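Undergrad: For this one, chain E is given, so just place chain F on it according to the hints.
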Amino acid sequence: MNFYIDILFWMRQKRWLLIALIYGMVMHNWVTPPADLNPAAFDALIIISMALILIITEPLPLPAIAMFMLFMQVVLGIDTANNVASSFMNDAVFFIMGSLMLAVAIVSQGLDKRLALGIIKLTGHKTWRIIAGFTAISAILSSFIGEHTVAAMMMPVGLTLVRYAHKDPKKVTGLTAALLFSIAYGATIGSIGTPSGGGRNVIMMNYWAEFGAGSVSYLEWMKYVYPMVLVQIPFTVLILLWTFKPEQSNLDSAVRKLVIDVARAGKMKAREWLAIFLFILVFLGWVFLSESFGLGIIALLGVFLYLAFGLVEWSELNRKTNWGVILLFGSAISIGIQMNETGAAEWVAQVIITNLGAVIDSPEILQGSVSVLLTGIMSNILSSSATVAVVGPIVLDLGGDQILIGFMTAIASAFGYFTAVAAPACTIIYSSGLVKSKDFLRAGWKMGVLSVLSLLALSLLWWPIL
Amino acid sequence: MKKKHAQNEPRALKFLTAVSSAEYSKLTLQLGSLIASVFDAHLGVVYVGEKANEFHGTSVNLTRQNLDTWNIIHPGMEVLEWALGELKKLNSENKDLAKITFNPDHVYEEDGRVRVILPNEKGSRVELILREGELVNELRKEIQLEAYDLAIIGGSQNKRHLAHSLIQYLPSSILVLQKFKPRKKYKLLLLVDDSKATAKSVEWGAMIAKKLNWPVRTLTVSKTKRFGSGYQGAADMAKEYFDSRGIEIEQFFLTGDPVRTFVDFAGDDHFVIMGASTLNPVKQLFFGSKPIQTLKQSDVPILIVR
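Heads up: the protein sequence lines correspond to chains E and F, in order. Residue numbers -3 to 462, in this note's numbering, belong to the letters of the first sequence in order. Residue numbers -10 to 295, in this note's numbering, belong to the letters of the second sequence in order.
Same shape as in the complex, but just chain F:
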């Protein structure tokens, strides 16, 4: 399902931001754009609308086609149009993006989604997508289809309710923007342990900290007073990596329940980065995982790196 990339061509990272409305998604889009600029990544913007039940699906489609003849656009298109306008404002230096005009009639339907065809989109690195259906299912399909590396999702109550499914089933890294305040000076809190994703978390954390000039703290939590070689080694590796990039960090080693300690330490002024769980999916389903519990219990933006 994933699209193939030309060999030997370095692949740019691809991030996907889910938006729901101009009212509720402004901050999500703002941070999505910021994070994409940190990584020089392509940014996809997806609107996932409700799907009509199957009984009346064709009646709804018939109505929509009729509405087209009256120049009344498909619900969701106005959100994508707004998103493009916001991205232009946020990336005013991007000349290619500035040239783009939104035309709701220029759309391409493929693979159960609608893609807005953006003229001159080559250098703009933006894609606008409309999907209909259940949020987790549609995000998963979009991520698989376009091989996105990161999904950026707003942190409404509804999303917190969906935390388990989002983390368990989305095949990319996930950034959930809980109570994100753009003017707030965040400290970056990197949770370091012996999981496979720690190395990538450190790499991504360093890029974000450097670009946004955020102070960095690393936190390693052990259930017992003894910190094993895996934990210690991961912390050393993180320190070494940040040092090599000229970024100062504060290291913390605490004992206790990992999730509770993460949440208490993070308070409300940290931007948390942690690796995805290494537990097998069945255990995660029944018992949850550190990222799932942390996301459910905390009130700060969390980036879960896969």
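Isolated chain E, as found in the complex:
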């Protein structure tokens, strides 16, 4: 009896794996590919749709899904083992690996206490100013060092303020939500600002290169996108204050206690200065050398320097780095490249254009709205980087200016305001247990409208004059 219960329980836990496998078998063996789609492209689409089912429903660990995507390419004869292996590793994967490790190295320096003091000096004690400061600092920092790093450093500051504002967080739910969302949404809107703001930006740059669309330098990216970051900051503050209505207009007592707490850390130590100096070097490398060396290689060089100067131990990096995510992005980009090479991406793009072309006359509006809507919706279900990895090849085949469409896609992948799963910063504040899913919806729809309008303004008013 127990044996049958164990089997049934396994089936319950793995039901989505079984569904994905059955779907794949049926599609591969019994469904005839459309006439204008070659078998290899059809198989690439089967693999990617199976992988999407598995990633969204999580019946397997991410590394297992990554391996699945790799071996299925060879098993179904889409490409040879060596070609799959070479498409697996590229500069975008190096960047994701390097930035995850840099996050560990930076967070472990304890710079968050300095950051807390800096913000308080800048903002004073008024609640609205603190929320504005949190949003602006999170946005600006996350543009350069990635939103997960910023959220990991800002969370203790935010939670300490909440703790000192009231013994019972349930009595200051508005203040708590406003502070935590200023970190999450600040980090999210900032992450589009530069290529190093998020892995998804680098994935898009990688696709541009693979698709022969040309290249965009670090500063060029900033020139195109950073105005949107700056425009969104004040509106985000207004949205958060309007939505959550903090219970206290002044955080005098909480700020004083926080200052006492962080003052115990004493003066800046040499290793903290060194950590900041090394990051500035990495940043300068990204700005001036990334076109020759690649963003990923420079990120790895930064990790090397942190290790060489003894600022972080390898055991710590090894333990705290999400290797599963690195494997997954490697394999997602690999299948993305196959989508391009087999013609699968172009076929999907043509299907979209044919079906929506009747509704939307203008090709530019069609391309823009499809890339923004498809990416925005998927990033709320999946994760922003995974969305770009999957959607990127399709939207780049929609036609039009691939660079501009790519920008739109990378920007729209940061519109994951509605759920806790889309962006790492959102997951991080959700994990505190102090904000609820419905809070994401309450503020998220307003942020969604703001971001779509900002992107529209950017593409209609700013990009044409560049």
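These are computed hints drawn from the structure, not numbers from a lab.
Think about it this way: if two alpha-carbon atoms lie no more than 30 Å apart in a straight line, the pair counts; the simulated DSSO-like pairs of lysine-lysine are:
| no. | chain 1 | residue 1 | chain 2 | residue 2 |
| --- | --- | --- | --- | --- |
| 1 | F | K77 | F | K170 |
| 2 | E | K167 | F | K78 |
| 3 | F | K285 | F | K272 |
| 4 | F | K272 | E | K10 |
| 5 | E | K166 | F | K15 |
| 6 | F | K174 | F | K285 |
| 7 | E | K167 | E | K434 |
| 8 | F | K78 | E | K163 |
| 9 | F | K78 | E | K166 |
| 10 | F | K40 | E | K166 |
| 11 | E | K166 | F | K77 |
| 12 | F | K78 | F | K199 |
| 13 | E | K167 | F | K168 |
| 14 | F | K168 | E | K434 |
| 15 | E | K163 | F | K15 |
| 16 | E | K432 | F | K168 |
| 17 | F | K130 | E | K432 |
| 18 | F | K212 | F | K228 |
| 19 | E | K167 | F | K15 |
| 20 | F | K88 | E | K163 |
| 21 | F | K40 | E | K432 |
| 22 | E | K253 | E | K432 |
| 23 | F | K214 | F | K176 |
| 24 | F | K40 | E | K442 |
| 25 | F | K214 | F | K189 |
| 26 | F | K40 | E | K163 |
| 27 | F | K40 | E | K434 |
| 28 | E | K167 | F | K170 |
Model, not experiment: these values are computed from the prediction.
TA: For chain F alone, kept in the frame of chain E given last:
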């Protein structure tokens, strides 16, 4: 997976109470503690929190490790701290338990869970566990790991929704506290039939009734007017057992749809004890079982004995 116990050493029963928050789990903990005292059982308290999705899991862990340096504890730890405080209040006579202090830094991570290390815990018979993931999966793992005999679960709407999975997959007996009111004078309703678990249900029912001084009723339901020898024999066995312990019982024999009859009879003033289903697991999956249907349809606490 189950931990081995020393031979010849009588094994104390182990009960597991699932808590979610100070606000919603007070009654669950209260009854869990009461039932554990009836059986002189070890009491584990488990908090099952949401797990971050795998994409951002390490970012969340990185943040939590950073939060540790600011003395901000892991979500869920405050619930376990509250649970320990409640247990001390509820068991004020337990000197060993009173000595225990909660320290969120003294934790041990093993087998995908976090166990709070409680000093002087030897005589306290309490264990505090934090897990993250899907409720049924995590409870099942915890029950298998520590060989718990009974899982005590609050009766929120969510739990009723999960009734099928809880009953089907948890390998222990299950007590679901639907609309439990601590001040209410419950009557114990024991559902007696020819299933294997009836004997254990009778044994557990007698212990609870005796300790809590609750009146006892046994109910045997047949679909037809004829009560077979299995049913009659089980009812006789129950009567004999309660008599031998000096507990008076009222016996009822009714005809009709078993689940509907159980639910109507139980009303809102009974504490129901019934045996787990003997149907094979595949049939239970597709057609449900008496315990699953009873749990879904009734509004009283139900103990399903396995």
